[in-house]
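A.B. asks: Top to bottom, those sequences are chains A and B. Per the numbering used here, the very first residue in the first sequence carries number 1; after that it's consecutive. Per the numbering used here, the very first residue in the second sequence carries number 155; after that it's consecutive.
A couple of the hints might just be wrong.
[To be verified] Capping the alpha-carbon separation at 16 Å, the derived lysine to aspartate or glutamate pairs in EDC-like fashion look like this:
{"no.": "1", "chain 1": "A", "residue 1": "K147", "chain 2": "B", "residue 2": "E167"}
{"no.": "2", "chain 1": "A", "residue 1": "K71", "chain 2": "A", "residue 2": "D150"}
{"no.": "3", "chain 1": "B", "residue 1": "K247", "chain 2": "B", "residue 2": "D221"}
{"no.": "4", "chain 1": "A", "residue 1": "K71", "chain 2": "A", "residue 2": "E27"}
{"no.": "5", "chain 1": "A", "residue 1": "K93", "chain 2": "B", "residue 2": "D221"}
{"no.": "6", "chain 1": "A", "residue 1": "K93", "chain 2": "A", "residue 2": "D60"}
{"no.": "7", "chain 1": "A", "residue 1": "K74", "chain 2": "A", "residue 2": "D139"}
{"no.": "8", "chain 1": "B", "residue 1": "K206", "chain 2": "B", "residue 2": "E279"}
{"no.": "9", "chain 1": "A", "residue 1": "K93", "chain 2": "B", "residue 2": "D304"}
{"no.": "10", "chain 1": "B", "residue 1": "K301", "chain 2": "A", "residue 2": "D126"}
{"no.": "11", "chain 1": "B", "residue 1": "K247", "chain 2": "A", "residue 2": "E70"}
{"no.": "12", "chain 1": "A", "residue 1": "K93", "chain 2": "A", "residue 2": "E133"}
{"no.": "13", "chain 1": "B", "residue 1": "K247", "chain 2": "B", "residue 2": "D214"}
{"no.": "14", "chain 1": "A", "residue 1": "K52", "chain 2": "A", "residue 2": "D118"}
{"no.": "15", "chain 1": "B", "residue 1": "K247", "chain 2": "B", "residue 2": "E279"}
{"no.": "16", "chain 1": "A", "residue 1": "K74", "chain 2": "A", "residue 2": "E133"}
{"no.": "17", "chain 1": "A", "residue 1": "K71", "chain 2": "A", "residue 2": "D38"}
{"no.": "18", "chain 1": "B", "residue 1": "K247", "chain 2": "A", "residue 2": "D67"}
Calculated directly from the structure, the hints in this document are not laboratory data. In this text, all values refer to a predicted model and were calculated from it rather than measured experimentally.
Okay, here's what each chain looks like letter by letter:
2 protein chains.
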Amino acid sequence: MTALATKAPAAFETPFLSSLISLIRAEDSYGAWENRSDARLLEDFIVTRAEKREMPMMADPDPDTIDRVEKFYKAVGLAIERQSGLMASPMMKISHEGFGRVVLLVGRLVAFSKSLRDVHRFGFEDFDTLAAEGMKAVDQALAVIEKFPDVARA
Amino acid sequence: MTALATKAPAAFETPFLSSLISLIRAEDSYGAWENRSDARLLEDFIVTRAEKREMPMMADPDPDTIDRVEKFYKAVGLAIERQSGLMASPMMKISHEGFGRVVLLVGRLVAFSKSLRDVHRFGFEDFDTLAAEGMKAVDQALAVIEKFPDVARA
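Please take these sequences and the hints and turn them into a complete structure.
C.D. replies: Encoded structure:
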């Protein structure tokens, strides 16, 4: 709810957020979300600091949360692909305690690699932060691809 | 049982099988398997053609089978590390239908990548085949590392 108030239209035009929105809309085979705004589709990605504080971290991260983490990195991959023309496949490993690792593979290159922690609390303060964090990963990966173009094409 | 009969001592001296045996023995914190032979520890990796034919492929691969696939590629990673001095981390993605992908990452390099299928029936005809298949993966990865040494060290 707070999220919708802080909605920044520019965020939605970043290659990352537009990729994330395409991925989510692609799952809507029956058109049930056709009339939903982009902001509405992304609202579960917004978790405020106050909400995070209230989240228990005892049990396993719930499947919906893991699904969102996967979508986030798939969207990073799709944005990389749209910008570089090279396919980027995400692979993720999450332990039961909410720790893990995610990588984006482009050809023989590990274009992006990140340790994950507190997966239970995955979420972003607002749409600007969501877009900025996604774009940070996209830009890091594109820089690595630029550094090792032969490996990315191998 | 058949497996023990076809045991080839040379197989056990390959860098792959000796890595696999170390990994399995490392899990034995209480020394329960101290008196078990190496062949006995590896017997679940041996699945004959006839046994495979009888395996149902309907349901999800069982967790013990997935655990064996993971151990196999961890051992490939350990053998790579022992031979190259570079850490190789396996990442695996297995769908519920027994399909998937496994990669071994060395620095920024995807040193090994393989599509998995029929994970339900993971296993090898005998110890020689187990050792040969493991060494094939080790050698492929080492060749890729040799081709892109900077990326493997990045």
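A.B. asks: Confirm or reject each hint.
C.D. replies: Checked hints:
| no. | hint | result |
| --- | --- | --- |
| 1 | A:K147 - B:E167 | violated (40 Å) |
| 2 | A:K71 - A:D150 | violated (28 Å) |
| 3 | B:K247 - B:D221 | holds (12 Å) |
| 4 | A:K71 - A:E27 | holds (11 Å) |
| 5 | A:K93 - B:D221 | holds (14 Å) |
| 6 | A:K93 - A:D60 | holds (14 Å) |
| 7 | A:K74 - A:D139 | holds (15 Å) |
| 8 | B:K206 - B:E279 | holds (10 Å) |
| 9 | A:K93 - B:D304 | violated (26 Å) |
| 10 | B:K301 - A:D126 | violated (44 Å) |
| 11 | B:K247 - A:E70 | holds (12 Å) |
| 12 | A:K93 - A:E133 | violated (20 Å) |
| 13 | B:K247 - B:D214 | holds (14 Å) |
| 14 | A:K52 - A:D118 | holds (10 Å) |
| 15 | B:K247 - B:E279 | violated (24 Å) |
| 16 | A:K74 - A:E133 | holds (14 Å) |
| 17 | A:K71 - A:D38 | holds (15 Å) |
| 18 | B:K247 - A:D67 | holds (14 Å) |
Of the numbered hints listed earlier, those contradicted by the structure are 1, 2, 9, 10, 12, 15.
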